[in-house]
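Chains as they are written, first to last, in the working numbering: chain L, 168 to 458; chain V, -9 to 760; chain G, 255 to 415.
Certain hints may be false.
[To be verified] If the Cβ cut is set under 8 Å, some of the chain G residues that face chain V in the computed set are:
#: 1; residue: F264
#: 2; residue: T292
#: 3; residue: S305
#: 4; residue: L342
#: 5; residue: Q346
#: 6; residue: I350
#: 7; residue: G353
#: 8; residue: C360
#: 9; residue: T361
#: 10; residue: R384
#: 11; residue: D388
#: 12; residue: R393
#: 13; residue: G396
#: 14; residue: Q398
#: 15; residue: M399
Keep in mind the hints are simulated off the structure, nothing from the lab.
For each residue, glycine too, the CB sits at the ideal point set by N, CA and C.
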Amino acid sequence: MISPFVLHQPDSIEAVGSLLSRYGSDAKLLAGGTELILLFKLGLASSPHIIDLKKVAGLSRMEFDVERQVLRIGALVTHRWIEQSPVVKDHFPLLVEMERTLANVRIRNVGTLAGNLCFAEPHADPGTLLLAYGAKVRARSTRGERLFDLADFFVDYYCTALAEDEVVTTIEVSKLPPNFSAVYLRFCPAERPMANVAVGVGWNDGVARDVRLALGCVGSKPFRVAAVEESLLGKTAGEIAAESARVAGEAARLCDPLEDLWGSVEYKRQVVKALVMDGLSRVLRENKTNG
Amino acid sequence: MSTVIGENVPRVDGQEKVTGRALYTGDLKLAGMVQGKVLRCPYAHARIRRIDARKAETLPGVVAVLTRDNLKVATPYIGAMIKDQPVIALEKARYAGDVVAAVAALDDAVAEEALKAIEVDYEELPAVMSVDDALSPTAPLIHERIERSRPPAYGRGASYIAHEHSNICHHFHYERGDVNEGFRQSDLVFEDEFVYPTAQHYPMEPTISVASYEGDSVTVWSPSQAPFATRQEISRVFGMPLSRIRVIVPHVGGGYGGSKGALTSILAVALSRHVRRPVRVAFSADENFKTICQPQIKVVIKTGVKKDGTFVARQSRVYLNAGAYVYSTPSVAEKAGYRSHGPYHIPYVLTDSYAVYTNTVPAGAFRGFGGHQAAFAYESQADIIAHRLAMDPVELRRRNLLGRGEEYAAGDTPIDCDLKGMLEELAVAIEWDKKEEPPKDPRFKRGKGIACAVKDGGGSGKSASATVRIMSDGSAVLSTGSVEIGQGVRTTMLQITAEELTLPTDRVEVAALDTHTTPFDHSTNASSATVVMGQAVQRAAQDARQQLLSAAASTLSVPVEEVQLREGRIIVKEKGWSLPEIMRLCFANVGGEVVGRGSFNQIRDENVPLGQRSPFWEVGFGGAEVEVDEWTGAIRILKYVSVTDAGKMIHPVHCRGQDEGAAMFGIGLSLFEELLYEDGKLANPNLIDYRLPRFRDLPHSFASRIREDAGGPGPYGAKGVGEGGILGVAPAVCNAVFNATGVRIRQVPLKGERVWRALGQPAVKTPVRQ
Amino acid sequence: MDENLVSVRFRLNGQQLAIQVPSQELLIDLIRDRLGLTGTKRSCDMEICGSCTVLLNGKAVSSCTLFAFDVDGKDVLTIEGLAPDGGLHPIQEAFIQYGGFQCGFCTPGMILLAKSLLDEKQVPTEEEIREYMDANLCRCTGYQMIIESVAAAAEKLRRNT
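Using the sequences and the hints given, assemble the complete structure.
Encoded structure:
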């Protein structure tokens, strides 16, 4: 049973900031509620105050800044909105692909991307892909504004770097550079993904100049496998292909999955290997077809 | 002349269901109704030293708390074959989830608070979670005393063996000839072990019952597949005459054999009798998981064959994990045992089937009822045999399948359909002989597999009655105790009634199911209704028709042989009367009714091993084409074909719905459904960790082929359909996996890790340049 | 006024309503208990099965995991609102004709989910139907007959316009 709470429905970001300053840990932010309300129902969370963001002006916007080549996704933008946006499809097709597989359409109609990132559920889709995009998170409080690199935003299981009095206002996603091939893959035998990977390579003069490999669901937070990325820089497609088994094995070694009802640690590392191998193959194939 | 048999008439409950008007038990609101909730033991096995509900009782909004201390009943035990489950735990709790107290409160929130305020002093006892552990000589006895409600009445070839001081609660023994002689005659002997998981029925409607005790009587609303058995249990437990108990079955949101409402109905009556107000006891989804499950079954199967593949002897040992309370698991044990030699000619058979108590969620009936678990064993082994003999698996089946008219077991109903024809149809449908292109990427392997299974259908010891009343305006009302759980049975019964009375279907109504006014029916299960209740309904309609003809003959002063009923009219030579006209003539006053009665009872037959002839043979032949991902062990079913026989399809769309639905159940059980335990407790009592089949799991090529071999004992040659589809799925899929990879997996579900390890943990490799 | 009560103004099945509900009340309980519309069902209670599906501004949502106040200013459609005049919507007709349900418990949610698809895409392919409808669970039908029902409904709607 959900305990009664005082509902606040502020209409500005400033008002949200004031409420957060005032109530601190006695208040929780509500956007779509697909995670929070479920926790409340299961008795795993409760709060005497709820700050409903849905009436706050300015959070329901999604804009592509052509000049800076950045997509700004407001905190109230739902997964479904992103999934169906022609602008996102044109400039960020992987984002559309990822959103299409997320949970189910009912959750996507209501749940927000920002809410998903703030909840920091380890078995989630968006974080992994957005890391590969080098996304940033903008948050506000009465003390001002902070801009986080997504990599710094995730701290631990269900834990972000947000202070108690901060609210996320925008997610900023930079378009992938030209000559960059990328894929997003996930392995999801049950309800939530067991492992996912976002891998991409940017080419110049026939060699890899920009390598991004993000793994998710296999640790306390999604992460870029920096060691592997560095090891592939300056290599040709052929060289990368020849090393892909080593790379996959290295990525599997560097992740930290937990055993659960769906797989042992050893099996999950195997799945990571499979995803990384598959991802690399697709990226290299795409590069070939793009000449 | 027109017929409605074989017509896809609009289902009687269709409009209600698609508009949301259909009322299920949880939709009912009675004035003054309070909410019932239960407290569950968190330990797998524990003595209850003390239970104190005083604090809970005093909470505002709490109407009553029931524990062993204040539960006043004639007998506290319920159960099917064995009355082993106390309504509320007495001296001990036997599984994590066992009910130790019940509260009634003004709303759910208060009820939850009350549960938290009940103090229980548990003394944890050693627990056994597996059959092996329960059978060990040092295992704790889960039930100190086993009281059977009736001794099993087997016939020739079968016997019941009692085990004292054991967790074995049922042992079914069945033999045909001397199996050791059979093995001596065999050229090769195969011995294998197979395991089929425990699973949750997960009907979309969670278990719930409402009871209203007033004066000396009680009315109960419950989504039960056996409302008359529910009435019987209430009568026994509370010492009330049957005539004072009324069980009404609203719409039911799925059954699949899960004994829905068996426990909640008793708890609701107990609470309502105590508080003298209507009480609703509604289990949440996770509580459903903790109430009943499918027994996990291990089959140790030993088969002797000749070099040419002819089956000679089969010995099976079947072990069922019955959980803490047996429900119908002893019956499942019998059936799994009886079905373990499959649809084949095998001269020598020996089967021992054991239902064993453990400290896990009680197991019971589940769609398939031992048939699919037995089939998993014998059809997987059949392919092992075929492979060893370098024989085509289809050819091996061809050599051994029973033909139409041949005996399955001495004394029992012979095979009533063309199994060999079905095998050929299956092979063609799955394109068995077609050489498929292997996938370009060597990481993926494809293969095909088939399986041939049957189960004796129609149930045992069943008794069904029905009445058909022809009203003064010529319309008719059918009263039948068959429960509509989605299968379309009430529509089928309406069709039979309309057909026999030559009425259009919109002139026939099926009355609501109410044990006060509906004649007795044993239960809706075992794919039996079309055959068992169908014959009762047909006879009732024919009885009504005959009475009408006699009344007309008498009124018109003609011999009854000259009176006909055609297209809803009484015809004598060239003259015709509409039914309203005839009714007016026959019954001088306005009004009057013709009441037709019919019944069907299965009679005991000493010559049959199970003590009764099987009404019919339900067929479940399956063919699967799968793709295996060697890197992750993930399995995709690309194509699935189910072949079965309905005898005669009274409603083809409903038959198809049943067969496809059953096959999807089989797919879930084969690929991802299993209940898991950790620290003595269910680890996955929810849909996040217990995966049900979704749209994405529907194979892109999925077909149910339902034949009409006209051999059914039901009306118009019909048989039951509803469980066949589940029988062949697991072995067909595992046989396909073997065909694809050369690896034999002997346990389902085929979750990724299980498959990957069985394959030898293939490494992720750089693919060879294509 | 109890500080935990919230005013909610919304349209339910075409009718304007203004009520006050406790802040923590769930949409499904508002619909089933407070307003007595029992067509919307509770099953898994955790947004997975979709038996509780209603349409919110035309979009399929899980009423079991939304607050009642979340519908403020919005349009809610429950199964009772699909064919309010006693007739049947073409989707309902198609489900009856093509065996798109058996026990019926998932059916109100499934039909509304289908409506939200067909409102967006008049002629979905079988693959599109399968992918979209994957949101909701059915334990009886095995899904193929639901896909056929939705395809038939699409055809009926196309012919009606």
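Tested hints:
{"no.": "1", "hint": "F264", "verdict": "violated (19 Å)"}
{"no.": "2", "hint": "T292", "verdict": "holds (4 Å)"}
{"no.": "3", "hint": "S305", "verdict": "holds (6 Å)"}
{"no.": "4", "hint": "L342", "verdict": "holds (7 Å)"}
{"no.": "5", "hint": "Q346", "verdict": "holds (4 Å)"}
{"no.": "6", "hint": "I350", "verdict": "holds (4 Å)"}
{"no.": "7", "hint": "G353", "verdict": "holds (4 Å)"}
{"no.": "8", "hint": "C360", "verdict": "holds (5 Å)"}
{"no.": "9", "hint": "T361", "verdict": "holds (5 Å)"}
{"no.": "10", "hint": "R384", "verdict": "holds (5 Å)"}
{"no.": "11", "hint": "D388", "verdict": "holds (4 Å)"}
{"no.": "12", "hint": "R393", "verdict": "holds (5 Å)"}
{"no.": "13", "hint": "G396", "verdict": "holds (4 Å)"}
{"no.": "14", "hint": "Q398", "verdict": "holds (6 Å)"}
{"no.": "15", "hint": "M399", "verdict": "holds (6 Å)"}
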